[in-house]
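With the hints in hand, could you dock these two chains into one complex?
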Amino acid sequence: MGGEDEANSWIRGDETAKQMLSRVLRDRAFLLLPPLNRVPLRAGNVVEITGASPSAKTQILIQAAISCILPKTWNGIHYGGLGKLVLFLDLDCRFDVLRLSEMLKHRLLQANRLGNGAWWQLEASNVKNSRASQDKSNNVYDEELYVSCMKRFMYVRCYDSLQLLSTLKTLHCRIRQQEACGSQVGVLMIDSIGAFHWTDRLSSSLALEKNNRKSLSLTNVVETIVQEVKKILQVHSLVVIATKATIYEEKFPTNETNRKFSSNEDLSGNASSKAQQTPFREFMPSSWQAFVTHKIIIRKSAYHQSLQTGQQSLSAYSLEWLQPQLSSIDRFIVDDSGIVIVT
Amino acid sequence: MAPLKHVERENPIIDASFRDFCASHGIQTVEDFLLHDLYELAAFAERQRNADRLKEGITFMLSLIELQCRPWLNGMELLEDLHRNKHTLSTGDKGIDSLLQGGFREGQVTELVGPSSSGKTQFCMQAAASVAEKYSARVLYLDTGNSFSARRIAQFICSSSDAALRQKVLSRISCQMVYDVYTMFDMLHGLEVTLRSQAQMNVNEDRLQLLVVDSISSLITPILGGSGSQGRALMVAVGYMLKKLAHEHNIAILVTNHTVGAGEGGRTKPALGETWKSIPHVRLMLTRDHRNNNCTISILKHTSMPAGHTVTTMTREDNTHCL
Numbered sequence: 001m002g003g004e005d006e007a008n009s010w011i012r013g014d015e016t017a018k019q020m021l022s023r024v025l026r027d028r029a030f031l032l033l034p035p036l037n038r039v040p041l042r043a044g045n046v047v048e049i050t051g052a053s054p055s056a057k058t059q060i061l062i063q064a065a066i067s068c069i070l071p072k073t074w075n076g077i078h079y080g081g082l083g084k085l086v087l088f089l090d091l092d093c094r095f096d097v098l099r100l101s102e103m104l105k106h107r108l109l110q111a112n113r114l115g116n117g118a119w120w121q122l123e124a125s126n127v128k129n130s131r132a133s134q135d136k137s138n139n140v141y142d143e144e145l146y147v148s149c150m151k152r153f154m155y156v157r158c159y160d161s162l163q164l165l166s167t168l169k170t171l172h173c174r175i176r177q178q179e180a181c182g183s184q185v186g187v188l189m190i191d192s193i194g195a196f197h198w199t200d201r202l203s204s205s206l207a208l209e210k211n212n213r214k215s216l217s218l219t220n221v222v223e224t225i226v227q228e229v230k231k232i233l234q235v236h237s238l239v240v241i242a243t244k245a246t247i248y249e250e251k252f253p254t255n256e257t258n259r260k261f262s263s264n265e266d267l268s269g270n271a272s273s274k275a276q277q278t279p280f281r282e283f284m285p286s287s288w289q290a291f292v293t294h295k296i297i298i299r300k301s302a303y304h305q306s307l308q309t310g311q312q313s314l315s316a317y318s319l320e321w322l323q324p325q326l327s328s329i330d331r332f333i334v335d336d337s338g339i340v341i342v343t
Numbered sequence: 001m002a003p004l005k006h007v008e009r010e011n012p013i014i015d016a017s018f019r020d021f022c023a024s025h026g027i028q029t030v031e032d033f034l035l036h037d038l039y040e041l042a043a044f045a046e047r048q049r050n051a052d053r054l055k056e057g058i059t060f061m062l063s064l065i066e067l068q069c070r071p072w073l074n075g076m077e078l079l080e081d082l083h084r085n086k087h088t089l090s091t092g093d094k095g096i097d098s099l100l101q102g103g104f105r106e107g108q109v110t111e112l113v114g115p116s117s118s119g120k121t122q123f124c125m126q127a128a129a130s131v132a133e134k135y136s137a138r139v140l141y142l143d144t145g146n147s148f149s150a151r152r153i154a155q156f157i158c159s160s161s162d163a164a165l166r167q168k169v170l171s172r173i174s175c176q177m178v179y180d181v182y183t184m185f186d187m188l189h190g191l192e193v194t195l196r197s198q199a200q201m202n203v204n205e206d207r208l209q210l211l212v213v214d215s216i217s218s219l220i221t222p223i224l225g226g227s228g229s230q231g232r233a234l235m236v237a238v239g240y241m242l243k244k245l246a247h248e249h250n251i252a253i254l255v256t257n258h259t260v261g262a263g264e265g266g267r268t269k270p271a272l273g274e275t276w277k278s279i280p281h282v283r284l285m286l287t288r289d290h291r292n293n294n295c296t297i298s299i300l301k302h303t304s305m306p307a308g309h310t311v312t313t314m315t316r317e318d319n320t321h322c323l
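Here the protein sequences line up with chains B and G, keeping their order. Note that UniProt numbering has the first sequence beginning at 1, numbered continuously upward. Note that UniProt numbering has the second sequence beginning at 1, numbered continuously upward.
Errors might be hidden in some of the hints.
Interface residues of chain G toward chain B, partial, derived using beta-carbon atoms under 8 Å [claimed, not checked]: (1) Gly-75; (2) Gln-230; (3) Thr-296.
Some but not every residue of chain B turned toward chain G, in silico, with C-beta under 10 Å [said to hold, decoys possible]: (4) Thr-16; (5) Val-147; (6) Tyr-159; (7) Ser-161; (8) Gly-194; (9) Phe-196; (10) Leu-314.
Hints listed in this document are in silico derivations from the structure and should not be mistaken for laboratory results. Computed from a predicted structure; not experimentally measured. For every residue, glycine included, the Cβ atom is placed at its ideal position computed from N, Cα and C.
Isolated chain G, as found in the complex (with noise of 0.2 Å):
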């Protein structure tokens, strides 16, 4: 939060005698203007002896609040964002890329349930390996139980026979170890301000395009529990980082999920609880049936599409579904 004599540097008008006034009602950060009826606050100022000056600074103080909200846009700007920016990735399975109308969003964060060995990690081991190989992307894959395989990778990419052409598909995969919510903040961050200056540098050759979390459950179940709300607070405010994240640079996000028994008829359902169901734009069910190694996955939300339809698919050995 910006003391007001921070903001003194960028306008005269918050001088001493304007931090006096907002100090008598309590004001001491750009941010405590929020919570003011700044209607009042102009009322307030007008029986002050510098009424003028005063109610100068409050309006000063309103076109910095201005420059905090993002941008309104209608609809025909949110459709040009949509399709100059938001590209549909291919998920490398053609089953499932016909289910999703293409694959995943960029700008969406999709998430993956299913129960333990339902194929959440292969599938994205092979969303990784597609998004390197067929669109040149950058991907990044934070992986929280040392699942990740790079020979599992490179079986997935079509042109493996090609040495040179893997090894240029592998390189653009880098992947993380990240075992705790408070190192997935830093990296979010880190991310963040490494992309930010990208943007501004006009970088966009080998750009990230997909970031993969596997998995974010076993992330956020350690600190949920109990009746407390620090934990869903921290779990809200990584989906939030990871919703900014993929809205302002066009990445597509995929996170895993695992599920929970919900105790009466031994159903399961997704893990992380009810808050969490407002975070992902699109929602994907895995389950195997381990006889005839088939997956289905079904939709459980999607922003754009009704829930309940379903595709079926196999488990691949290796980079075959290419041919």
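Here chain B stands alone, though its shape is the one from the complex (with noise of 0.2 Å):
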């Protein structure tokens, strides 16, 4: 509609190499922290994020959220940011900002200290080691910085699937609107997308379909949704990462119980097996299957004895692509400081 005249000279004017290259290069894949860090990922992907609750879904959608607020390098330190903006659709209703900005301001003091922004690179355990040092000497960071990043973050929730709607088909004007003042959106969130399911499906037994009047029911409204994101991802480069919350039970649940005291060796013993059988009940609707690009699935696995705070342990999450198909599983921890990756 506004953008025709834009429209048309795409049409007729033919790129030159110079512009072409500039474009591709700009909307060039990346590459998230770990445990995203297995395939990168670019423009127009759709990542889902399949996990009973809880299993650190929130919490790698926050990491990544930082990953893309911050920005390549600020003052001659590199962050190996995106430095665009996250937009963040909580359908849940329970993200927590506190998380976010001690996350934030954890990865800021991190790059600060090593200066090159290396520090992903270092083991889990060093990066521990130092962290009493460096609490006392380096516990400055750079506060309009921070505040740059924070703004970054946008943030809206939604408590039913008519907010959610509404939201996705103004979200284009909004979208359009953050780019007029010069910054650009990286990552679309939605957390979690099946948080309706159980209310959308009472309605579609509730409705009349009748003068080819569409119902809110369930299919329905997946299938909007499905289209109004697909519209977007049509006009503004993005990547959507969605979480999914399984919703049903597990039909064997015998994995948490049986490995709760046996060490991490059942993992790879596991994989094979697990390849054959559908990892967990899908619920979602085919249009939003065959909308995702990308999957992946997170599973409790055994506890892991953390060194640090002696008996207390903290639970461990394994993490496998399931699309593409990847054979290696990452096995992490969260704690204070956030996602850890153990071996």
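The structure is reproduced here in structure tokens:
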């Protein structure tokens, strides 16, 4: 509608090689931090992270969000971020901004301390060992940078499907306003996509479809969500990351009980047998499933005995890529500083 | 759902011809617009005689949709709201307060899970007494099992030797019996209306700061069961109403849940299943050792803390914890 001239000139005019190169380089694939580092993501990708609650799904979103809102460099220090906006659609309505703030501060301090921003290449244990000394010597971060990062995090909550649809309908305008101010959107996050599954299913049984009127049924709602997000992806170059809580009981709830006291050697053994069966009961309509390009599943695995906390054991999780299917499984724990990969 | 006819009163652009055009595409209410591709609709409008007027109508509808959205906030605005409006409230127990880094947070739903006679109700009453006393706040206690005891609450009040003060604290705690989920919906709707009108009139003294539901599971369990979606839909709806109340009116909400046997190995797990897990912000597990009266509280889920931390505390007979 608005960008008609822009569209026409795009259709008519051929790009020069230089223009094309700069466009391709601008939208090039990027890697997120572990545990999402196995597959490079590029604009247009839709990543779905499945896991029972709690399985650190929102935690992973927050970490990815921080990578997006951090600048690449600032005052000569390399932060390795994208310097773009994050749009966070909170359907679970339990996002905690304190967690974002704390993890961001943590990342800023880490980058400051190392100076060259290569901290994630260190072993997790090294990072921990040096934390005590860092707390004393270098406990300052750039307040201005912190504020500018936090302002790149855009948040909205939705209490029902109608609010979600309204938000998506007006999202394009919202993004354009932001772009007019000179900031680009990097990632659209949805936490979590199945939140209104049961209420939508109920309204499908109540609704009457007559006079070619569409009802607010589950399939229609999800189809419209997919349609709206697709439209946004056509116009804006961004990545969509959605979490999905498994809302059905696992059919084989044995793994957690049996594995509780066993060591981590069972992971390699189980990987092959898991591949054959569907790891969880899929409940999202096919329109959504077809829309997703990358699938990840997180499972709770054996408890991890942390050296730092002594007798307290932290939950450990294993992350597996289902699409594209990768054979490697990453194990991680969540502690006060965020996600820590364990081996 | 507002029929389009009612919208005409707001803006005459939604006239009979616009409504006819919409009806031909199966749109009768404002909500119907949400399911339609507005670009496609605008393209159809283009072919009509009165294209400009129709497109103006669609633009107006889009502005109505925009009003339905909640506002976008950036990280700094979220932090500001947190620091200004979402305080932490002491649970009345030092050990648990330090476990939760201060206590319950306003705006959050905290769930307490435990087998029967593990001290859930005691914990709730102690929290009610603590909040009513320390913050001069109103507390609403929704009781589903006739287990509320004013006498027990009075024992938890630190200044219970001062009769007048004790009276004052107790008068801030109101208890309501709720026996089924439908009454619960009524209650919560009524509460929301009251709170909203209070907010409009800027009534800020003796604000409601804690809502206790003891227990939420006894309201929801009877409607679950079977493969039908109705029970689960009602459960999710109650959960979202609680979350909305907590966030919009800065109330800390405490709900209790019982445990059920998981079958093999005699292990127990929280009732209400997988779907409920995404409702509470914080889940606490309460276990009690009956030999020495020790309670262990562990974090099953927390929005800003890794799960797994535990604390052990004693069940109090009286208000000695204040000394």
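Each hint tested on the structure:
| no. | hint | verdict |
| --- | --- | --- |
| 1 | Gly-75 | holds (3 Å) |
| 2 | Gln-230 | holds (6 Å) |
| 3 | Thr-296 | violated (13 Å) |
| 4 | Thr-16 | violated (31 Å) |
| 5 | Val-147 | holds (6 Å) |
| 6 | Tyr-159 | holds (5 Å) |
| 7 | Ser-161 | holds (9 Å) |
| 8 | Gly-194 | holds (9 Å) |
| 9 | Phe-196 | holds (7 Å) |
| 10 | Leu-314 | holds (5 Å) |
When the structure is compared with the earlier hints, violations turn up for hints 3 and 4 and for no others.
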